[in-house]
Amino acid sequence: MERLVRSYMITSNDSTQEIDSIISSVVNELHNGQNLLSLVQSLGEFLTSEDAAIRAKGTRLLSSVLTECPQEQINDSAANVLVDFYCERLSDTTSVPDLIYGLRSLLQFGTFRDEHAIKVSKAIFANVNVQSLQQIVRHEVLQILDSLLHDHLHALKQLGPEFIAGYIQSMDGEKDPRNLLLAFSSIQLIIQEFDISSYVESLFEVTFCYFPITFKPPPDDPYGITADDLKVALRECLSATSHFSKLAMPLLVDKLASSSGNAKKDSMETLKACAPVYGSIAIIPHLEVLWDYLKDEIINATNDSFELIALETIQSITETLSVDGIEELDQLQQFLKTIVTECLENLKNPELKLAKPCGKILKYCAMASDPACNIVISATLKNFISQYRTSDLATRKKGILGILIEFIAAIRYRYGSVEDVPTIRDQGFVMPLVTYKDDMFEVFSSALLGINEYNELRLCGLQGLHDMILLNKFLSDNEIGVILQYFNKIILDEQDQDIVLSALKYLGNIAHYKQKIVLDITLPIFVSKLPNIGDVIEKGSHSNYSKILDSISKISVEPILFEALVPEILTKLDNVLSQPTLNFNCELDQPSVFCDLRIVRVVAGIISTITKSLSVSEQTTFIGQIFELFTRGNTSYLRFALPETNVPFNPLALESNSHQKNLTLCFTAAIGSIRQEVQSSLSDIFEFLTRIVGICLSTTNEIQHHSLAQLAASILNKWDQEPELIQFAQEQALGELLNQLSSISESEINRRKSLYLFLWLTKALVLRTHQLGYDCIGQIINLFSDPILGKQSAEGIGIIINESDILNRQGFANIKFLYKQRLFNYCVPIIIERFKSSDDVTKHNYLMALSHLLRNIPKQVMMGDLPSLFPLLIYSLSSVDPDLRASTIDTLYIISFDAPHIISEHISSLIPLLLSLTQMTDINTMKVRMAALQCLGTFPDTIPYDVLYPFKAKVIKELLKALDDKKRLVRKEAVDCRNKWFLFTGLKA
Amino acid sequence: MPELINANPTIYTPSKVSHRIITEKEEQEDFEDTIDSQEVFDLIRSISDPEHPLTLEELNVTQLDHIKVDDAKAYISIEFTPTIPHCSMATLIGLCIRVRLLRSLPERFKVDIMVRKGTHQSEQAVNKQLNDKERVAAALENNHLLEVVNQCLSSAHKRGNISR
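One line per chain: the protein sequences are A and B, in this order.
UniProt numbering numbers the first residue of the first sequence as 1 and each following residue consecutively.
UniProt numbering numbers the first residue of the second sequence as 1 and each following residue consecutively.
FYI, nobody ran anything at the bench for these hints, they're computed from the structure.
The reader is advised that the hints may include incorrect statements.
Which stretches of chain B does chain A cover? Using the computed rule of at least three CB atoms under 8 Å from a CB of chain A, they are [as the list claims (entries may be wrong)]:
#1 77 to 90
#2 132 to 141
Straight-line alpha carbon distances no greater than 20 Å define the calculated PhoX-like cross-link-like pairs of lysine-lysine that follow [stated by the list, open to error]:
#3 B:K25 <-> A:K972
#4 A:K972 <-> B:K158
#5 A:K957 <-> B:K110
In this text the structure is predicted, and so the values were computed from the model without any measurement.
Even glycine gets a Cβ: it sits at the ideal position worked out from N, Cα and C.
With the hints as constraints, model all of the structure from the sequences given.
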């Protein structure tokens with residue numbers, strides 16, 4: 001121990017590593033049975049040295065060891081000795097930082113007791129001049145005091161005034177935000193727990209001097225303290241006691257008049273927090289001034305957040321005045337009378353600008369309390385309603401309804417809405433609006449039902465009725481029923497889309513809370529409008545039906561309504577099926593639902609959705625039936641009777657008619673959506689797949705060809721027998737199929753069909769990141785230079801990387817994480833490498849493929865390769881293919897947000913190119929011109945001013961031509977782009 | 001806060017019908033869309049008022065019916081209505097409209113911008129200023145003024161699609 005201490009004392013203060021190792025050795029010794037006393041004894045001579053620096057250094061060792069010292073070393077007597085030692089030493093100025101450090105550790109020990117707390121705080125107050133210390137030490141002191149307050153509050157309270165005075169002295173003049181945050185929280189505790197009556201003034205001074213907080217954190221602030229943190233902490237102090245009210249109120253009111261927005265806002269927020277604590281007595285003398293300032297803030301609001309906080313402050317003041325007591329109520333009445341009178345004055349012309357803010361003021365007053373709500377409503381509502389009835393001006397009427405809607409919102413806030421669980425609180429009150437219920441009902445209804453009325457007014461009527469329904473215990477079920485009938489009428493008969501859509505939205509909302517009434521009133525009306533058996537469906541009525549179905553779907557999200565609806569809809573569907581239109585042969589003039597390709601596609605979609613949601617066993621049964629139907633022509637599982645016919649059902653047969661073949665879509669939809677384990681249970685997948693591939697290649701029906709290619713891909717993708725899969729892929733795909741499509745002797749149509757299938761099989765393998773998939777991709781890239789298949793194979797990259805309807809996660813496809821990235825990383829180096837040495841046509845194919853890849857990968861993946869890809873992108877801009885041009889510009893558009901530095905590097909070549917793309921030529925289609933203008937328009941937002949500035953004059957001049965483009969849509973982009981460049985002045989908006 | 005010239009103007013809810021719906025012809029490559037009054041109205045309707053955070057359309061300063069466009073003759077006339085007859089902002093509002101159109105219309109157009117007859121005390125003086133090229137150019141050399149104009153124009157691209 002002796003040795004360790006000596007070597008510590010001779011170590012230089014800079015070699016922290018050495019110091020740390022000595023300290024941990026000492027701590028180790030203590031853990032191994034050595035006594036703390038031996039350390040103190042060894043340190044003895046240094047602690048009593050004449051040299052202050054040596055004393056400090058010795059103290060530091062002791063303090064450092066204490067932070068890691070085992071609990072059991074500090075028994076009662078050790079604690080006594082150490083506390084005494086540290087406290088006495090505090091007069092030794094040089095050692096103070098090290099002593100404070102040690103004291104903080106001492107607090108952690110279980111043997112540190114209340115009497116120690118008193119001793120320590122007394123010693124600190126008596127000996128330490130806190131504000132003369134460094135920030136970090138001051139922080140330690142404040143932390144010690146804070147810990148003492150939390151852990152030994154009871155003992156410190158005995159010190160009473162002495163502690164308060166000491167604390168005030170310690171923090172007085174503090175400037176560091178970290179320390180202040182801590183001090184504010186301690187002071188709040190002192191205010192709440194101590195008797196501060198004799199120290200009100202000094203406590204107030206030591207806190208209010210920071211108001212308003214003007215702190216701005218440095219740009220790369222490591223501590224993360226915001227001005228708001230400080231504001232909130234200070235506000236909690238100021239609003240912690242009503243003792244402050246007399247001192248604070250005049251100052252806060254004064255600051256309201258400040259020209260600084262920050263001070264104003266802070267004052268309002270503080271007033272809002274303080275009003276309920278300070279109480280009405282403190283507020284009353286200032287009411288007039290407060291109202292003047294706050295009113296001004298609301299009426300001339302330039303900033304929504306200021307308006308809101310001013311309104312909330314008025315609410316808080318009103319609430320404070322609403323306490324019981326005759327005198328207070330009198331004050332409340334007077335205060336509200338001033339407000340109501342002034343607002344009503346402005347509301348004489350409710351169509352003018354000031355009406356809205358005044359309406360809001362009344363709303364927030366009404367929200368404050370039950371008496372306030374009663375006063376406001378009874379003083380104003382009658383007025384508004386008679387004004388509404390006597391006015392002919394639609395905009396004025398609308399203004400009035402706007403205010404009534406604000407009132408309903410206030411009532412909902414005060415007395416609850418239908419969604420709240422009823423509480424005891426609102427049972428004693430009578431909602432002040434009840435007296436005016438009939439009037440409100442009448443006013444809103446007449447606004448809504450006026451057929452030739454101003455639309456905005458009708459929309460207000462709609463909203464008012466809806467909002468009233470949502471009030472708690474306001475309208476009876478009968479009244480709600482009447483409103484729903486209005487809504488029904490609007491939805492069914494109204495021509496104006498805005499009104500219909502709002503009505504539907506509100507109805508959906510009401511259905512959520514009032515299912516029963518909607519079920520009784522609305523649903524039967526809607527359902528009755530749908531056709532019944534034998535109804536002759538008139539031409540042109542389809543859009544009407546779809547509107548009704550759409551409306552039904554909006555309200556049927558609610559379970560009760562859904563349950564009631566499903567049987568109704570199924571009945572209607574049965575009606576459709578019972579009609580003699582189910583012939584799949586589509587002979588002559590017998591229109592059949594199965595002959596309409598649109599319907600077949602929808603049915604396939606439904607089959608796919610249902611299959612995906614089935615369990616393994618359900619799928620197995622279902623698939624069995626599908627196979628029976630499609631491969632054996634067994635129609636016995638169909639729930640509807642097919643008409644007598646001598647044509648067998650066999651969509652997969654070569655000789656079947658085209659309408660039957662189209663039904664392959666349904667087959668693919670079912671089989672392509674099965675779970676992997678269901679597919680594994682199928683017998684002989686190899687044979688089945690080979691058969692599908694055979695039909696796919698031989699059919700002359702394009703829909704069947706596409707559908708079966710996708711089905712084959714789905715099966716290959718989910719196939720879990722690796723050896724068979726490899727055999728199939730090598731023999732069929734990379735073998736026969738590849739031969740067929742590369743063979744020059746084959747017909748072009750056969751080569752194209754083979755390629756299409758090959759692309760899908762490749763997709764199946766690439767999705768599961770199978771190695772053979774990349775071999776296939778290599779073959780596809782080789783085809784880019786083929787004079788016949790080049791373009792199709794480049795487009796094929798799009799098929800492979802795009803999302804598909806059939807091979808997706810919902811359909812249980814085997815899709816590996818990051819497969820797109822792997823595909824991208826496989827293709828891009830090949831494309832970049834071969835691009836240079838190829839002819840123009842092939843170059844174009846490479847660029848097409850690249851553009852498909854870029855459009856489908858996450859942007860971060862592309863960023864790494866951007867520098868090497870950028871020349872290709874620039875080359876694509878000169879391509880003769882408008883689509884490639886447009887999609888490349890879109891890529892640049894995205895890059896300009898995500899990697900503006902790369903755009904900056906090439907800016908001098910990009911800008912002239914993009915400008916030339918804005919000109920009307922055959923290759924620059926509308927799409928290209930618009931994309932180019934949009935892209936140019938982002939630069940002012942994304943590229944630094946100094947890089948872009950040299951081009952400003954040129955761009956503005958060149959864009960003049962685009963302003964005269966013959967297409968209006970292009971002109972719009974040109975205007976936006978050019979104006980952006982005009983506003984691009986290097987100043988931050 | 002300085003006194004506002006018109007502290008409590010009437011607010012109009014913009015008609016929803018006034019939005020152009022893209023037609024099939026507008027999407028066809030070869031069809032030529034002429035510049036019409038709706039297009040010009042769209043350019044200026046959402047310029048902000050210098051006094052209020054409201055657009056010229058919301059204050060009924062600009063109206064579709066008060067814009068005449070003849071694309072073939074490359075002539076446009078625009079009338080605007082100050083919110084009150086003694087509004088000293090009228091020239092500034094007119095200047096904003098002028099600058100917006102200078103930046104947004106092809107050069108071939110001649111554009112007359114007038115205060116609507118009988119809606120302003122010094123109608124002629126304002127009209128004269130707004131239609132004198134040199135005076136407009138001189139005004140824009142004043143940096144402070146240009147900043148105010150740019151501020152008013154920063155909402156112009158919204159073309160009536162403003163949610164309040």
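Status of the hints after comparison with the structure:
1. Requiring three or more residues with a Cβ within less than 8 Å of a Cβ of chain A, the coverage given for the region 77 to 90 of chain B is violated, as only 0 such residues are present.
2. Check result for the region 132 to 141 of chain B against chain A: violated, 0 residues qualifying (beta carbon to beta carbon below 8 Å, three or more required).
3. A threshold of 20 Å between alpha carbons decides the hint, and for K25 of chain B with K972 of chain A the separation of about 16 Å falls inside it, so the pair holds.
4. With a C-alpha separation of about 11 Å, the suggested pairing of K972 of chain A with K158 of chain B holds against the 20 Å cut-off.
5. Distance hint between K957 of chain A and K110 of chain B is fulfilled; the C-alpha atoms sit about 18 Å from each other, no more than 20 Å.
The structure fails to meet hints 1 and 2 from the earlier list, while all remaining hints are met.
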